[in-house]
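Residue numbers (the numbering used here), protein chains in the order written: chain A, 1 to 262; chain B, 1 to 265.
Treat the hints with caution; some may be incorrect.
Restricting the straight-line Cα-Cα distance to at most 30 angstroms, the calculated cross-link-like pairs of lysine-lysine (DSSO-like) are [claimed, not checked]: (1) A:K240 with A:K51; (2) A:K240 with B:K23; (3) B:K265 with A:K191; (4) B:K209 with B:K23; (5) B:K235 with B:K191; (6) B:K116 with A:K240; (7) A:K49 with B:K191.
If you're looking for bench data, these hints aren't it; they were derived computationally from the structure.
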Amino acid sequence: MKIVVCIKQVPGTNDAKIDPETKRIIREGIKAITNPFDAYALEEGVRIKEKLGGEVIAISMGPPRADAVLREAISVGADRGILLSDRPFGGSDTWATSYALAKAIEKIGGVDLVICGKQAIDGDTAQVGPGIAAQLGWPQATFVMALTEIGSDYFLAKRMHEDGYDIARVSLPAVITVVKDINQPRVPTLKGRLAAQKVDIPVWTAEFIGADLHKIGLDGSPTRVVKTNPPPSRHTNTMKIEGTPAECAAKLVHELRIRSLV
Amino acid sequence: MKHHIENKIYHVEILPPKQDSEKLESDLENFATKFNRVMESGYCACITDNAMGNLAFQGTEMITELGLEVKPEQVMIHLNTFHTKENLDEILNTCKERGIKYLLVVSGDGSDRLPKLAPGDIGATGVESVTSVELLKYIGKEYPGDFVLGVAFNPYEPEEHEFEKMERKMAAGATFIITQPVIERNPIVDKLIAKYPTVPLIVEAWMSKKLSLLSEAVGYEIPEDTPYDPIANLKTLHKNYPKCGVYLALLGFKSQYDLIKDTWK
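Chain B extracted, bound-state conformation (with noise of 0.2 angstroms):
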């Protein structure tokens, strides 16, 4: 991962066709135009998986029933705990077959369509419920050396409990750190590169305009009145966060994409 930093290479994040699309054809054909685009400029396709618990096709399925092609260094994969084992496992045998290292696993939004994993699925003991920690140490245990983990972080939370977190993390296998949503500078973030000065870290760009998306991802309330230019907060973010790497949240493909090009230099 140090070598996206020390490159410039973009985290681009994708979002999958919804579950109840009802243009999945095109849907599924931007999908594939926006996953090559990224391979061809050299950046990171990022797929999420359910994102805010919105049930989306899963990423490997994507790249596999579309025949797309993944440059190992170029996909990552988000990894939630709600899935069967069964689920989870193809999905992690699909990436080791597709040359996919990078996953990002997180705990994730659930819903009502979506089976979580328990404990037991995943030989994880003395705890009530499956979080990124028992993922991290299950891939880790049964699929050694063949993926790169990474976690989030959350400086919207309470930090005690989020620094007590990203140590358990850490002791799980996690080997970079992607945040939530950064509005220019965070204090905790600030922390966070203090306490783990040779972990990669990435900050995440926010994007959108649409600013009520980003009160749900932060925790609390922007007024989507707020005066936000997601370009001069990505500029800032670099200038800010010199040494970390960048993960674009839903960028704009025909508005943003051409302007992103010489920001991070």
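This is chain A alone, in the form it adopts within the complex (with noise of 0.2 angstroms):
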């Protein structure tokens, strides 16, 4: 089975600020990591090659840094990563992303699965995955928790709910958007770290995807962010009870009851 992974580098903060300009986020000088939804993504797919064989590449857009997080995509079992980067990429929104990200799976040919991170915690859309499959008519299953079945033409999923889940049986080609619950990702091994660092990450323009420049950049994205707030921040208050073990439940349990929290 091939198998495509989208990953994508993230800021690596809560602090992360808007740039009052552009409206984005400013990524200069910010530790950056894998999309932690992503790594979900990344450990389902070695998984379905470790039980029927295949190839797992993960394929990432965004600046030429952002090879690091295919190079650790690599030392967890990827067996290839492809990063699309391209001045004209710039500034895409996920419509312009997701048929970016298309072409390119498209480039690569062969595809029979597409698995993504159910959102991406910078931009907390869950837009990008359905949108390869629209780009690339291809069928979905979004907020899967478990493949409880794998055929060769087909796959089944479960999918989570706010109130339970569904099982929807899909056909191969597809794309799919998985939930924390799907598996426990791996950690990379020393082995593997030191072996992704000499890979070499093909670096895909937008002309080598043949992507149409009017789809993709500013000029492909018809969204536009207006304006941007920080999220109210969060009020903590740490009490120490202190005391006799019974002493400190009783007045666990006092506090807790005059916050109606019990």
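Hints in hand, dock the two standalone chains.
Right, dumping it as structure tokens:
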């Protein structure tokens, strides 16, 4: 099975600043990490490969330094990585990004399954996975918490809902987005990490994937961020309860009760 | 372990590089330098296992990948319960192959990124989760005679609970104890010595001036401006606990290493 896993490099902080002019996150000087949900997507791809054979290709779109998340992916089992990095991609919204990724998936060719995390922790839109499916014209299953059966041309996806789950039969090729419940991502080994550092990560340009320049970047983006506001800060209060275990328990119950928490 | 104490062999903590290190090459080089220095000094290198829940590389893989020479009496690996069964056995088998016999078995600090052993993974029954006790039993059963197993003691936890846990740890196969950091003297540690007079005890000396980290380790707030001289505390520990070994936590290899060679006399 040929599996593509989409991975985004995101700021590894809860304190990211927004550029007042561009309304985009200021990424310079901020530690960048793999979008946590994408780690679950990658783990699922690697597990399917280990079970059924095939290949896992990690793909990311971003600046040159985003190759770090692809190396990380290779260190935990992806066979290779591809970075979409080119000036015309800059400013792409989720639709334009979906288009670029879909063009790259077509360029790879013969892909059976695309796996994405349910959303990225910076934009929180959850749109790119479904967007890729729409661009490719493939079926999709979102919020997948388990793949209960995988056949040669279909799979059964257990999809998480607020009040339960459903099981969908989906024909391949397809796109899925996954939630944390699907697996426990493995931790990279030192051997894997060192090997991944030496791997060449090809950089694909808009021209190379045959992208229509009117469909990527700002021109290809039907949405604009017109205003951003930081969320209100959360107020926390720490209380230390002292005494014997019995006294502490009684005080804890008292404090919870006066806050109507029990 | 008694031999370590009798021969005044320090236990020197070494932290492997973190998984998200952005300067891995130099971190690996630093680790190798520290490890080799401890070997040359005749001390025991104690390699942590995802200390404080921070994802780091395993001691065994560091030794293997860097080709470090293990002197069997001089290496201790920390081992916690945040592993897959496969990974746990890989670590234990590597220790066996490399001649590493000292293991500090702890429950450990987890994180979202770390798997946790389930009771069924290691044949534990009648418990809801795996702690150091179940891990000790597993190692004792599956790797009989291969390792010398130690456990941690936290004098800052409720005393009755901690002593009850220690009884279970001893029954599960622990043969030496390492404490949480002790500042000068601790009455609960004194009680521990009185209760287990024949069990080798190693007190932890906090060698960093970062008191916020010490606060995390001991579980109560120590103001950052509290005067604290790690070397003076180390000397006091030797004076107060002459029959105990000492574990040097967060030792400064550049600024402190040369100062400790004459502190244990």
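Hints broken by the structure, by number, lowest first? The structure conflicts with hints 1, 2, 3, 7, although it agrees with all the remaining ones.
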